[in-house]
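Chemist: Sequence:
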Amino acid sequence: MEKDLSILTERQREVYFLRQQGLTCKCIGEELHLSVSAVSLHLRNAQRRFRQYQAFQEEKKRDGQTVAFSISRIELALIIEGLVLLGEKMHREIGGRNIRSDWQGRMPYRALAADALLTRAQLALYGKVIHTGILE
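Numbering (UniProt numbering), first residue to last: 1 to 136.
Incorrect hints may have been included.
Unchecked claim - Estimated spans, in silico, between C-beta atoms of each pair:
1. Thr-132 <-> Arg-48: 35 to 43 Å
2. Leu-41 <-> Ile-130: 44 to 52 Å
3. Arg-11 <-> Ile-74: 49 to 57 Å
4. Thr-24 <-> Asn-45: 16 to 24 Å
5. Leu-85 <-> Gln-47: 50 to 58 Å
6. Ile-79 <-> Glu-10: 37 to 45 Å
Keep in mind that the hints were calculated from the coordinates and are not lab data.
Here a beta-carbon is modelled for each residue, glycine too, at the ideal position from N, C-alpha and C.
All chains, full assembly: derive it from the sequences and hints.
Modeler: What follows is the structure in structure tokens.
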């Protein structure tokens with residue numbers, strides 16, 4: 001599996017690319033004017049980012065699987081109410097900034113899922129969107 005180098009910092013990409021070409025940490029350090037320990041640190045951080053990214057992608061895929069779950073209209077209305085409150089809480093926590101999620105989870109991936117669920121639940125119950133989304 002080819003790794004997505006765009007998730008790395010510029011320096012991590014440089015170090016990783018040179019290492020993939022077979023250069024030693026010492027040679028990489030000399031070429032980039034870094035200590036051997038700095039090169040090793042960049043490589044460890046790059047590997048950690050790859051692992052985090054892979055785990056995020058697997059979680060996203062798993063979380064995207066549908067489940068069969070019967071629910072009444074009142075239960076759906078309660079879920080909508082809870083999602084609206086969750087959205088308000090998220091906005092308070094981040095100071096009202098526009099929230100987005102990235103692979104590092106700087107903003108909870110659950111915000112994206114909650115936003116999509118709020119929209120779908122309202123369309124199913126009311127036939128239209130009444131409450132703006134969590135990410136609005």
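Chemist: Checking against the hints above, which ones are violated?
Modeler: 5
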